[in-house]
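**Q** The sequence shown lines up with residues 1 to 430 when you count with our numbering.
Hints are supplied without guarantee of correctness; some may be wrong.
To be verified - Derived DEER-like restraints, expressed as beta-carbon distance ranges:
| # | residue 1 | residue 2 | range |
| --- | --- | --- | --- |
| 1 | T389 | L32 | 30 to 38 angstroms |
| 2 | Q392 | S306 | 44 to 52 angstroms |
| 3 | A147 | T264 | 18 to 26 angstroms |
| 4 | T264 | Q37 | 51 to 59 angstroms |
| 5 | T368 | A131 | 34 to 42 angstroms |
| 6 | P295 | A240 | 24 to 32 angstroms |
Keep in mind the hints are simulated off the structure, nothing from the lab. Cβ atoms here follow ideal geometry from the backbone N, Cα and C, with glycine treated the same way.
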Amino acid sequence: MATGWDRLESMVRTVELTGGLEARIADPLWMLARQWQVGEFRGDDAAQPAAIRFRGRSAPLATFRAGPAGPAGPDAGGGTGGSAGAQPVPFPAGRPLEAVAEATPEPGFGSAQLHASVQAGRRLARLLREAGLGAAERALRARFPLATPAVGVEVGSAGRAAVELLARWGIDATSLARTPAETVLGAVRPVVAAADLPRMRGILAAWLRWYAARGGFVQEQTWDGERLEYAFSLGVRASAGEVVLSAPEHAGDHLDWYSFDVATDPAASHGLGAGPVPTRTKAAVPAPVRYAGMPAQRWWEFEDRSVDFGAIEAGPADLARLLVAEFATSYGRDWFVVPVTVPVGSLTELSGVEVIDTFGGLTPVSSTAKADLDRTGGADRAWRLFELTGDQIGERHPSPWLFVPPSLASTLEGPALERVGLTRDEAANL
């Protein structure tokens with residue numbers, strides 16, 4: 001029996017790629033039957049959101065208080081350096097929250113406080129000279145002289161001479177700012193013409209506003225020397241009542257919404273009460289949520305081969321991963337996003353959201369927190385996500401608070417100057 005082999009050679013009949021790109025199907029009835037099987041022919045309203053109208057209120061930060069948000073006294077957790085029971089002061093607008101919370105109170109110490117006071121006094125002196133009130137500047141320098149602080153031997157003779165020069169020619173801005181304005185005007189009245197007193201009053205008022213904005217009125221420090229952390233609280237005058245945001249254990253670095261809790265203790269009150277907060281109504285066009293590797297919207301659409309949702313592994317405690325997987329695979333097409341711009345340094349709540357679809361229907365949407373509260377009959381909710389601890393949802397407060405603190409975008413940290421060692425003596429139980 002003879003054996004042999006044949007050689008197969010391919011031959012190109014056409015150079016066009018149209019046939020391959022068409023992806024023809026030999027049996028279109030099979031495709032229609034498959035679409036019917038998976039429910040693509042099942043009719044519904046198929047409405048899409050066309051616009052979203054929401055109402056909300058944004059209340060700005062009103063007050064700042066150093067120390068823990070609680071009653072005063074030795075058992076309040078203030079420690080040796082804390083300020084439990086300190087009086088609330090107006091929150092300085094335009095300053096980062098980290099600079100306010102971690103500021104050293106005035107008067108400070110050493111040459112650092114001297115330089116800060118001299119710089120503030122130099123600004124006032126410049127304003128007076130530019131206004132032709134040089135005599136008032138000299139009168140204020142004589143009325144509010146600077147005391148030379150005790151400096152160490154490490155600064156040297158040149159450093160001591162510089163400190164003495166600053167103290168001789170500077171104005172004690174700290175003492176001047178704490179003196180009533182009428183007393184300050186009385187000190188310059190003998191050397192200032194009566195016609196120039198209104199200008200002098202305006203310059204002094206503008207300088208005091210600048211001094212307060214830079215944090216010059218911080219009277220208490222937030223540092224707790226025993227716990228080695230900061231403690232402070234913020235007060236907000238909302239329409240439903242006062243809201244106190246407490247940061248009892250701030251270790252430094254960045255401050256964000258999760259650093260605060262809503263204080264429920266009446267002793268933590270800043271004494272603000274309720275206040276009128278205007279309601280803002282805005283309409284926006286929603287945009288579908290899109291992300292890399294999103295499942296295809298149509299049955300016959302090819303998906304990204306680099307994404308395999310079936311390979312996701314999650315344990316019983318990986319709740320966040322399971323939520324993301326379910327959102328991506330089951331409800332990815334049903335989510336829309338609407339950007340809402342809120343002021344920095346404010347506490348915001350949405351009082352109502354309405355969705356207008358492509359058929360003209362109007363659907364009110366309540367917050368998930370309010371829906372859970374109604375479902376449980378007023379009992380505490382077991383499920384919370386991205387909410388401030390202590391936030392109580394109710395009829396007058398239908399949605400959780402959104403706190404946008406005036407924090408720094410980034411910080412610079414220098415090397416550690418001190419190292420603290422905590423040692424325990426088990427024999428002495430100390």
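**Q** So, for every hint listed, does it hold in this structure?
**A** Comparing the hints with the structure gives:
Against the hinted window of 30 to 38 angstroms, the Cβ-Cβ separation of T389 and L32 comes to about 55 angstroms, which falls outside the hint. Distance hint check: the CB atoms of Q392 and S306 are about 45 angstroms apart, consistent with the given range 44 to 52 angstroms. The hint said 18 to 26 angstroms for the Cβ distance between A147 and T264, and at roughly 45 angstroms that hint is violated. Judged by the Cβ atoms, the range 51 to 59 angstroms given for T264 and Q37 holds: they are separated by roughly 55 angstroms.
A C-beta distance of roughly 58 angstroms is found between T368 and A131, which places it outside the suggested range of 34 to 42 angstroms. As the Cβ distance of P295 to A240 is approximately 42 angstroms, the hint placing it in 24 to 32 angstroms is violated.
The structure is inconsistent with the numbered hints 1, 3, 5, 6, although it conforms to all the rest.
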